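> Input sequences plus hints: build the corresponding full structure.
These protein sequence lines are chains A and B, in that order. In this text, residue positions in the first sequence follow the working numbering: the first is 226, and each later residue adds one. In this text, residue positions in the second sequence follow the working numbering: the first is -13, and each later residue adds one.
FYI, nobody ran anything at the bench for these hints, they're computed from the structure. Do not rely on the hints blindly, as some may be mistaken.
[Stated by the list, open to error] Cβ-Cβ distance ranges computed for the label pairs, FRET-style:
#, chain 1, residue 1, chain 2, residue 2, range
1, B, Thr159, A, Ile461, 39 to 49 Å
2, A, Glu519, B, Arg274, 27 to 37 Å
3, B, Ala156, A, Gly692, 40 to 50 Å
4, A, Ile520, B, Asp205, 22 to 32 Å
5, B, Arg69, A, Arg681, 21 to 31 Å
6, A, Ile520, B, Gly110, 47 to 57 Å
7, A, Ala595, B, Pro172, 27 to 37 Å
8, A, Ser690, B, Leu263, 52 to 62 Å
9, A, Arg681, B, Pro47, 43 to 53 Å
10, A, Asp491, B, Pro47, 50 to 60 Å
11, A, Tyr389, B, Leu167, 41 to 51 Å
12, B, Arg291, A, Gly692, 49 to 59 Å
13, B, Ala156, A, Asp491, 32 to 42 Å
[What the hints assert, rightly or not] Pulled a few chain B residues facing chain A out of the computed Cβ check, cut under 7 Å:
#, residue
14, Phe82
15, Thr198
16, Lys252
17, Tyr281
[Unchecked claim] So these bits of chain A aren't anywhere near chain B, every CB distance computed over 12 Å:
#, residue
18, Trp297
19, Glu441
20, Ala443
21, Ile446
22, Leu577
23, Pro586
24, Ile666
25, Gly669
26, Arg677
27, Ala679
Remember, it's a predicted structure, so these values are computed and weren't measured experimentally. Yeah, the Cβ is synthetic: ideal placement off N, Cα and C, and Gly gets one too.
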Amino acid sequence: MSEKLTSPARAGEVETRSVEGEGDRVGTYAKMLRADPITLTRRYAATSPARRAGEVLLPWLLALAVAVVLPWLFYDFHHARHSGFALSMFSQMGMMIIFALSFNMLMGQAGLLSFCHSVLFGFGGYSTVHFLDSAGAGNLPVPMELMPLLAGFSGLGLAIAVGYVASKQRSTAFAMITLGIVQLVTTAATMFHHFFGGEGGIKTDREIGISLFGLEYAKSIEVYYLIVAWMMIAAIAMYYHTGTPLGRMANACRDNHERAQFVGYDPRMVRFLQFALSGFFAGIGGGLFAITYEIVTFDAVAAPLAANALLMAYIGGATTFVGPVLGAVLITAMQSGVSLMSNSWLIYVGVLFIAMVTFAPAGLTGIVLAHAPIARAGMLRRLLVPYLRMVVPALLVLLGFVGLVELSSFLTIGAAQGKQLALFGHSLAITSTTPWLVSLICLGGGGYWLSREATRFRSVWDDLSAGLRTASAAR
Amino acid sequence: MQIGLISLLDGLVYGMLLFMLASGLTLILSMMGVLNFAHASIYMLGAYFAYQIGRWVGFWPAFVLAPVLCGLIGAAIEVWGLRRVHHNGHIAELLFTFGLVFIIGRAVQMAWGMLPMPYRVPAGLDFPLFSLYGENFPAYRGFMLLVSAGMLCATWLLLKKTRIGLIIQASLTHPGMVSALGHNVPRVFTIVFAGGSFLAGLAGVIAGNYLTTESGMADAMGPIVFVVVIFGGLGSLAGCFIASILMGMVQTFSVVIDYSFADLVKPLGITLTANNLLGEILTIPVSRIGPLVPYALLILILLFRPRGLLGTRET
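Set out below in structure tokens:
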């Protein structure tokens, strides 16, 4: 098996063959391949090595620079301290990026929908608490900087055990098994006091006094940079994993596992290895979680966290590498921001999610990528006016919908909490008909208007793509 | 012994309740390939609807209306939702129902608030049916048993003895052929989805006052129903039935067993102490790890019989 997986020529063979081949499914695969940054990198392989290195390194350096600078944009120079809210949000984003990327190793790359990814993450967290405890007691001479690596190995270990069971199945059955596993572990975590600490979870102290760089990790900014460092390492490793024969075979098994089997690979082995590796990265994320919060409870293994990973990967776009990163940033920002403002945060998530599943199954990055051929032909201009025409009705629909949701939310939950709906400082009477009527009209009228504009947009879009197709066929 | 008999009846009641939920889920899953996450949410809606309608017009009209309402909602979900995402594949359909869970869960909280509802057993059924060794068996549990048994018979008759049942059965295994013979397979899907939602709603109506009607009831029931479906095996209602009863029994009986693994090996002269995780697992009494047992069983069956108890195929 391992011999087969280390033969890139063979993996390449499968991929080209299936691209030429049959039907719809392979068509989408081909599309994904075209969008794949690795293929782009290969295309540039003909250019000079220096330029090539630049092309490869630039996005990473850019990402690193943004991550390093970001907390300083929110620095409070008045009091000479970092904004706690911003810093904790960015730290959370860092872990969630690792978590979502490792989740996408399963969903996007291998087509496996895992609901027990939180188990691997949380197990990394629980183990790290124990590692930190024994390091603090002087029994484990491991510097803080390498703790996430240990967490990764614990994640890997659990993923090997869980993956052995789960990888027996694929598709829906796989999802169901993972669902069983997450319930099992969550229930166990609330029940057993050794290792898991029962309902209250386990606490630790991250100031273990062992560091490669002599850092104390008493300040959250130090922890943030530790997260950034591990986020970059993990992201780069996962990115290069997509180009390895194993990563490629995971794609092949996702698109046509029978065919992969015929060529001589064992799809179960591919699933198993992919699962184990994703467990490693999820464990790193969990380790950083434990280091940041210094407490791990059963929430870190429970299903809602796995659902979060799913949301991030799907909304960002599971078919691209950057999709989950975008999703993690977006969802974490929304969770920190919107959930503070609104009681109905989950409704918005649900509606956004359903809208994405229905209208943009390739996620946000998928939407962007769909514009690539048109942009290459230099005809993006022609979409500008149809897009602009949709802005006002879309805003109306949004306003009407948010209005209705908030009004009804304040009618029940808000009333129970003794809150009052206020808009621009004026409190609104939620029992009067005016706000309800306005919201309804916005939603109804805006919806009708939007559907007309959307039809218009679609006809322009179809014209453009049809034109591009004939142009490329003529060439 | 007296504990045994009452537990047996309770286990049966709970198992039949599980079957009501799981049968709809397994039909939807085997036929359409959709793992319907919103199934337990529909069950919750059934309970809330029954409470609300019951407050307006009484329990008995609610007993009929609430499941019908749930069935209609199910049909709407299938026609306007799932059918649209169908061309994006099974995972997209699954994710669609997953989004619905958020929306329904939060919408219920918005409409009825976060607190449990005072949804009570109707006065006409609120008396002890009989006594066993000094313990009362409430009439309402007997009623639940009656309803679920009636539902079981009705479903069985519908599937085995009617024309539509025949078409449904055929669509389970050979959708292409059924379609080629001129039947409207998408409509069969809608009917199955609506039927499954009807059953889930009915389960909610009769379970809402037996358990509690609160916004967490979907999350409490959802995972265990999935366990039943996988345990029973896909495409098999009989397997689903056996698994439901088994899980019902396991859940009720594990509460009354006060022994642990350590007690089992004590006669052999081995004494275990709870000073580490393994020791704790081995010394904890079964009554405390009751909620774990179904999931442990699930993993066991997947290890030794991946297609489930009576499953006819792998997914």
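> Compare the structure with each hint and give your call.
Hint by hint, here is what the structure shows:
Judged by the Cβ atoms, the range 39 to 49 Å given for B/Thr159 and A/Ile461 holds: they are separated by roughly 48 Å. Range check, A/Glu519 to B/Arg274: Cβ separation about 29 Å, and the 27 to 37 Å hint holds. Between B/Ala156 and A/Gly692 the CB atoms are about 46 Å apart, so this pair conforms to the stated range of 40 to 50 Å. Separation of A/Ile520 from B/Asp205 is about 23 Å and conforms to the stated range, judged on CB atoms against 22 to 32 Å.
Evaluation of the 21 to 31 Å hint for B/Arg69 and A/Arg681 yields a pass: the beta carbon distance comes to about 25 Å. The supplied range of 47 to 57 Å is met by A/Ile520 and B/Gly110, whose beta-carbon atoms lie about 51 Å from each other. Distance hint check for A/Ala595 and B/Pro172: the Cβ-Cβ separation is about 28 Å, which falls inside the suggested range of 27 to 37 Å. A beta carbon spacing of about 58 Å between A/Ser690 and B/Leu263 agrees with the range 52 to 62 Å that was offered as a hint.
The beta-carbon spacing between A/Arg681 and B/Pro47, approximately 48 Å, falls within the hinted interval of 43 to 53 Å. Between A/Asp491 and B/Pro47 the beta carbon distance is about 58 Å. The supplied range of 50 to 60 Å therefore holds. Against the hinted window of 41 to 51 Å, the Cβ-Cβ separation of A/Tyr389 and B/Leu167 comes to about 44 Å, which satisfies the hint. Distance hint check: the CB atoms of B/Arg291 and A/Gly692 are about 56 Å apart, consistent with the given range 49 to 59 Å.
Between B/Ala156 and A/Asp491 the beta carbon distance is about 35 Å. The supplied range of 32 to 42 Å therefore holds. The beta carbon of B/Phe82 comes within 5 Å of a beta carbon in chain A, closer than 7 Å, and the hint placing it at the interface holds. Proximity of B/Thr198 to chain A is violated relative to the hint, the smallest CB-CB distance being about 18 Å (cut-off 7 Å). With a cut of 7 Å, the hint placing B/Lys252 at the interface with chain A is violated, because the nearest CB-to-CB distance is about 21 Å.
Interface hint status for B/Tyr281: upheld, as the beta-carbon distance to the closest one in chain A is roughly 4 Å, under 7 Å. Listed as a non-interface residue, A/Trp297 keeps its Cβ farther than 12 Å from every Cβ of chain B; the least gap is roughly 36 Å. For A/Glu441, the condition that its CB be more than 12 Å from all CB atoms of chain B holds, with the nearest at approximately 32 Å. Once the 12 Å rule is applied to beta carbons, A/Ala443 is consistent with being away from chain B; the minimum gap is 31 Å.
With 12 Å as the threshold on Cβ separation, the claim that A/Ile446 sits away from chain B holds: the shortest Cβ distance comes to roughly 34 Å. A/Leu577, annotated as away from the interface, has a beta carbon of chain B within 12 Å; the closest lies near 8 Å. A cut-off of 12 Å between C-beta atoms contradicts the statement that A/Pro586 is not in contact with chain B; the least separation is 4 Å. Residue-level check passed: A/Ile666 sits 21 Å from the nearest beta carbon of chain B, beyond 12 Å.
Non-interface call for A/Gly669 relative to chain B: holds, since the shortest CB-CB distance, roughly 17 Å, exceeds 12 Å. With a closest Cβ-Cβ approach of about 19 Å to chain B, A/Arg677 is found to remain outside the 12 Å limit, as its non-interface label requires. Residue placement check: A/Ala679 keeps its beta carbon more than 12 Å from all beta carbons of chain B (closest about 14 Å).
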